[in-house]
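Undergrad: The primary structure of each chain is shown beneath.
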Amino acid sequence: GAVVSQHPSRVICKSGTSVKIECRSLDFQATTMFWYRQFPKQSLMLMATSNEGSKATYEQGVEKDKFLINHASLTLSTLTVTSAHPEDSSFYICSATTGGFEETQYFGPGTRLLVL
Amino acid sequence: QKEVEQDPGPLSVPEGAIVSLNCTYSNSAFQYFMWYRQYSRKGPELLMYTYSSGNKEDGRFTAQVDKSSKYISLFIRDSQPSDSATYLCAMSPRSNTGGFKTIFGAGTRLFVKA
Chain W
1 GAVVSQHPSR VICKSGTSVK IECRSLDFQA TTMFWYRQFP KQSLMLMATS
51 NEGSKATYEQ GVEKDKFLIN HASLTLSTLT VTSAHPEDSS FYICSATTGG
101 FEETQYFGPG TRLLVL
Chain R
1 QKEVEQDPGP LSVPEGAIVS LNCTYSNSAF QYFMWYRQYS RKGPELLMYT
51 YSSGNKEDGR FTAQVDKSSK YISLFIRDSQ PSDSATYLCA MSPRSNTGGF
101 KTIFGAGTRL FVKA
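Residue numbers (this note's numbering), protein chains in the order written: chain W, 1 to 116; chain R, 1 to 114.
Don't read these hints as lab results, they were simulated from the structure.
The calculated label-pair distances, taken between Cβ atoms and stated as ranges, are:
1. W:8 <-> R:101: 25 to 31 Å
2. R:57 <-> W:16: 51 to 57 Å
3. W:66 <-> R:51: 35 to 41 Å
4. W:10 <-> R:81: 23 to 29 Å
5. W:60 <-> R:51: 26 to 32 Å
6. W:2 <-> R:1: 32 to 38 Å
7. W:2 <-> R:39: 17 to 23 Å
Only part of the chain R face toward chain W is listed, based on derived beta-carbon distances under 8 Å:
8. 43
9. 45
10. 46
11. 49
12. 104
13. 107
Since the model is a prediction, treat every value here as computed from it, not as a measurement. C-beta atoms are modelled at their ideal positions from N, C-alpha and C, and glycine is treated no differently.
Generate the whole structure from the sequences, applying the supplied hints.
TA: Set out below in structure tokens:
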């Protein structure tokens, strides 16, 4: 099946620093990747949709200058949380689709970010 | 009103019980329905997907869609402690007119007791 990896799985950083999270599709080419945020006991909140080679589309209320997304290749997308603050602490999950009509999303294992 | 409503639970059942998980939705454009399972501190994994109305069975899992009632269900037969997880429903219009965005339910936490 389609496998998506994320790195790192967990990161702790100081307030004001930037953190980069990588999302890779390991055995398929992902035309589209999605970035989600998930708070405890809540559902996935879509942050942005990213297509290879083009600018990401951000959901309403998500600051694009705060959450920088780069989709440089068909197997790699990165999310950079710039000038992180404690309220950015969350579980960040990416997903990728193989394209076509049945655009089923395959999720990465998630990255837990804790900002002190 | 949320587009997708799902009771967060928790739902606790004894091993071997039949589990019924449900979601309701308001957008009649949804036609692609999915169930994901998410273990604690892990990403969701796709369990089943169905297109339009009807039933789909895969081993101990059965997905049901009733578009007239805007109601979908996931049944788990002979539930096992390893089924303990959060189950998220998800749906999408998957059309040029309705769009392709997938909307997720809040997830139902299931505990299967040995």
